[in-house]
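Going down the list, the sequences are from chains A and B. Residues in the first sequence are numbered consecutively from 1, following the UniProt record's numbering. Residues in the second sequence are numbered consecutively from 1, following the UniProt record's numbering.
Simulated from the structure, these hints should not be mistaken for lab results. Here the structure is a predicted model, which is why all the values come from computation and not from measurement. Take the hints with a grain of salt, since some may be wrong.
Here are the simulated lysine-lysine pairs, DSSO-like style, with alpha carbons at most 30 Å apart [unchecked claim]:
(1) B:LYS261 to A:LYS365
(2) A:LYS336 to B:LYS482
(3) B:LYS13 to A:LYS365
(4) A:LYS365 to B:LYS375
(5) B:LYS482 to A:LYS354
(6) B:LYS374 to A:LYS152
(7) A:LYS354 to B:LYS567
(8) A:LYS365 to A:LYS330
(9) B:LYS264 to A:LYS365
(10) A:LYS162 to A:LYS195
(11) B:LYS347 to A:LYS354
(12) B:LYS13 to A:LYS354
(13) A:LYS323 to A:LYS336
(14) B:LYS261 to B:LYS347
(15) B:LYS374 to B:LYS560
(16) B:LYS13 to A:LYS289
(17) B:LYS482 to B:LYS171
(18) B:LYS333 to A:LYS152
(19) B:LYS29 to B:LYS13
(20) A:LYS289 to B:LYS65
(21) B:LYS333 to A:LYS365
(22) A:LYS354 to B:LYS65
(23) A:LYS330 to B:LYS29
(24) A:LYS354 to B:LYS109
(25) B:LYS333 to B:LYS374
(26) B:LYS374 to B:LYS567
(27) B:LYS261 to B:LYS292
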Amino acid sequence: MSGNPFDDEDAPSAGSDEILEGFLCPICRADLKSIDFLTEHFARQHAEEEDALKSVFKDIFSKAKKKILNNFEDDRNRGALAGVMPTASAASAAGGASAAGAAGGGAGAFRTQLNIYSNMAKQSVGAERSYLEYFQSVRNPRLERYASETNKLIIRLHRLLKDLPTDAVQRKHHEQQTVPWLDGSSVKLCPNCAKSFHIARRQHHCRLCGGIMCHDCSRFLQLENAMQLASLSSTRGEPLQQMRHHEDRAIRVCQHCLWLLDTRQDMHESRTCRPMLVHVYEEIRQLQKQVSPDLDMYVKIVNSLLDGESIFTIADAGALRGKIGQVAEKIDLRSKRILTIHSEPGSRDEALKKAIRLSCVQAIKERMLSLPPLPDEALISQMQERRRMETEQRILTEQRMAMEAYERYGAANQTGINTEHRSFAQGSDLQSLNNWSAPQASTTISSVDDPLIEQINIIKGYIKQARQDMNFDVVETLELNLRELQREVYERQRRSSTPQLDS
Amino acid sequence: MNLISGIKLYIEKMCTESGPGMKIILLDKETTSIISMAFSQSDMLQREVYLFERLDSGRSNERLKYLKCIVFIRPTKQNIQLLANELRNPKYSAYFIYFSNIIPRTDIKYLAECDESESVREVKELYADYLCVNPNLFSLNLPNCMTNLNWLPDALKRSVQGITAVLLSLKLNPVIRYRAGSQVAQLLAKLIYDQITKESSLFDFRGNADGAAPPLLLLLDRRDDPVTSLLHQWSYQAMVHELLQIRNNRVDLSERPSVPKEFKELVLSGDQDDFYGNNMYANYGEIGSTIKQLMEEFQRKANDHKKVESIADMKNFIESYPQFKKMSGTVQKHLCIMGELSSITNKRNLFEVSELEQEIACKAEHSAQLQRIKKLIADERVSIDDAIKLVALYALRYERHANCDTSGLLQIIKSRGGNTQIVPALIEYAGTHVRQGDLFNMVRITDAVKLTRILIKGLKGVENVFTQHTPLLKETLEDVFKGRELDPLYPAINSELVPFRRPPQEVVVFIIGGATYEEALTVHQLNNAGYRIILGGTTIHNSQSFINEVLAATNGTQFKHTKSMIKYCSPDNL
């Protein structure tokens, strides 16, 4: 009992404590003894009840999903799931392919869910406490005060520089007009260094705030810098060039004003500073980001190939591998280029570049070079062959069992002939799952105007295009869609041909 | 309850909160070790952290305005001052500041006033303030925590911070119990309790809503069990620490002559090295056979690769190069360590010494043991340190024995030129007058249950003579989980939280005076049995560091209990 988790799933669907086994009709729960009886019964009795069937299957599959999520490590589940699948597909063969499709989609969805599930069992981050609000409440008022002060200075600077005369006397006049100078008659000591003023130590004025200081405490703002700060273009450069003395080419300011302006310039720079290194680095990050879904996809494709599935081809894997290789080369190239950018030996800059290069090399080695190699073509065809054999084997045993059951229960004679035909049809149906192109060839000629066929052709076109663009996620979903459609087409053909046989 | 993921999650958080872009991380001495225990450099590179720098390194003023800066420091006065200087003159474009513990508001205000160029983007407390050695073991790297048999003030403060951080990072608001009669444990309990009450909003975890018993913080004193830290241990991690010393998960082999150059410093991290992670609790013999298996596996792989014939083969070889290299590195590393261990074991005659150590610790056979000790410590092949340890164990066990002959043994040590001061110091530190619990199973006849248990133990016989001894901690923890009455031995400081006769689900044990790897093994075994225990200590001791601690702790005390050994007490008796 406990070995097969689906055993106890049968109980609620049977509606009683007793466990029913065999080929049960999912709606009326009658035991039909063989697949063929079941399909026939279903086609006759429940043809209009597709929705009911869907809901039953949805129910079973959601339960199965839950079960598997709960003990997904148990390998036996996979066996159990495989055991259920044939009955499901046989029943849905009559009821419409959409239910099986939904179930298949569900299976795919929960497989990816498993990983998330196992990651979610992690520990949560410990306690923390943020002081940012308090920090800002202290910092921001101060900064605002500085900001308004700095803005005032810049406006003054702008006015000062706008029509700065080259002549020294005129210049002094202009400066005093823009910024009123403090009256120095009562100031006996330099406010900054507290040394007394006399003949040798004269009073000077800050051109931006008008404050008084001695020469030693004065700072000078170069005109080029000043122009930049006042966001004036330096086209008026020629008259400035004419000023002979070094001091003439600068503006005398006090320490505080200079500091305010410097801070402003600094902040501006740090926000706009984007040297070559940053550009190349961002390219590398971009490439790494682009390539990471490809890496996962490649592993998925290789695994799918090794499982013998036919959604992807070996050419897909090869193409994707080539693409990854190209990206790896690009990253390598860029990280080398970073190394060539000049920097002082022994500086942080140099250490940074080396670290970036190291991390690129590591990333390439660990994520890209360690990818599994392309699988052998022979190996893959072998795997596909084996998978097909397994499927066929399963169909054969089912048929044999059905026949045995049929003989044992000795049913009416006429249906026996039908079974012969049907079981053949059944076999080829399931075969077409693996090799869908075979029935396709015949149908395209006969019924081009069928909207389903048209759709199939369109999708095939899309797949081709997606392959070229290496958009393998799309390829996968389209392939699955295509299969569903083909199954549907096949079903229709079969259904339309069955009455002919009967008559 | 995993300490390593506790730290990792915090660091992960720092890296993600600072957003994309190149980053530098500024650390102090202690946070450097904290990070290095959880992450390797390449782990940090993957998270875009390219540069590591010490806040106190005082390097050049080189500005890199295109770098973001993560600051992760302990909230010490000195660090705050250094950080304030950094903020006044910022070298990087944005600062994300994380303190590893609770920081006073005034310090935040001071820093805010220094941030004149608006470069700070985040200020947070993230409680990664302990060294995670194993998932269930933490250390605070305080090799000496006592002087004159009382707390060193700095060590006390650091212990309070460390334990608070452990509780916060695991989101526990525990019942606090301390070892009755231990002054140090009581003081620590009180300070932790004060801290929790003061920061009650931080400790408001609504985890106990479902009526589960609250977690337990158990503060123990190393002096209850001095034996475990003196014995030679045979489990891998403990043995490496005893013979080669593990410091911050690193083993320094540069002094050993036979070690190849690339193995001068080895990192032993169960997190990054699967072999170590799986085998750190295995014993010496088991490790040997596991390494042999690993070698065979490795050789098989190596042989596979030797069959490189075509170009395609070579390509395959290079493509699987990272794993190949990783695996060969692991094998060689552990082979190298095992080689060193076995050569030391043989040289120091450790099998014989260890057997006698275990006998003394587990069985009371005074006269027979005394004869064996006398014989062994006179043997020149036994190192003087091992000889002193044997005498120390004897002195602890037979302190009150009528025919106790510690003085006679010390005379032999003295004649070999050993430092005899250790033994009286140890008795002062952890003699019977201090100890609680029954370290040597000296049971009164009245305690029927315990007596039967010991009898049964005796009947079962000894499976392995080198691992007979189990740490006292095991018994203590079993009492805790069986819901026995704890109050007389371990009173609770916040008794309003104590549930009525329900054992706690989670226990954090902290040993003042240092834990040992052997006790970590005990905790690991109990955790495997379904309990949830974290062990911590002021440091992780081996016998040598324990003896050093004992000497430092008894420094300046009047020796009252060792009058008979008075002539061996002074340090300059050589």
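Cross-check of the supplied hints:
1. B:LYS261 to A:LYS365: 25 Å, holds
2. A:LYS336 to B:LYS482: 63 Å, violated
3. B:LYS13 to A:LYS365: 26 Å, holds
4. A:LYS365 to B:LYS375: 59 Å, violated
5. B:LYS482 to A:LYS354: 57 Å, violated
6. B:LYS374 to A:LYS152: At roughly 90 Å apart (the allowed maximum being 30 Å), A:LYS152 and B:LYS374 break the hint.
7. A:LYS354 to B:LYS567: 62 Å, violated
8. A:LYS365 to A:LYS330: Status holds; Cα separation ~14 Å.
9. B:LYS264 to A:LYS365: Holds, at roughly 25 Å.
10. A:LYS162 to A:LYS195: Status violated; Cα separation ~35 Å.
11. B:LYS347 to A:LYS354: 45 Å, violated
12. B:LYS13 to A:LYS354: With a Cα-Cα distance of about 25 Å, the restraint between B:LYS13 and A:LYS354 holds, given a limit of 30 Å.
13. A:LYS323 to A:LYS336: Holds: A:LYS323 and A:LYS336 sit about 20 Å apart, inside 30 Å.
14. B:LYS261 to B:LYS347: Since the Cα atoms of B:LYS261 and B:LYS347 sit roughly 23 Å apart, the hinted pair holds (cutoff 30 Å).
15. B:LYS374 to B:LYS560: At roughly 27 Å apart (the allowed maximum being 30 Å), B:LYS560 and B:LYS374 satisfy the hint.
16. B:LYS13 to A:LYS289: Answer holds: B:LYS13 to A:LYS289 is near 20 Å, not above 30 Å.
17. B:LYS482 to B:LYS171: Distance of about 24 Å is within 30 Å: holds.
18. B:LYS333 to A:LYS152: Violated, at roughly 67 Å.
19. B:LYS29 to B:LYS13: 21 Å, holds
20. A:LYS289 to B:LYS65: Cα-Cα ~24 Å, so holds.
21. B:LYS333 to A:LYS365: Roughly 22 Å separates the two Cα atoms, so the pair holds.
22. A:LYS354 to B:LYS65: 18 Å, holds
23. A:LYS330 to B:LYS29: Distance of about 38 Å is beyond 30 Å: violated.
24. A:LYS354 to B:LYS109: The given pair, whose Cα atoms are some 38 Å apart, is violated under the 30 Å limit.
25. B:LYS333 to B:LYS374: Not OK: B:LYS333 and B:LYS374 at ~39 Å, beyond 30 Å, violated.
26. B:LYS374 to B:LYS567: 20 Å, holds
27. B:LYS261 to B:LYS292: The given pair, whose Cα atoms are some 23 Å apart, holds under the 30 Å limit.
When each numbered hint is compared with the structure, violations occur for hints 2, 4, 5, 6, 7, 10, 11, 18, 23, 24, 25.
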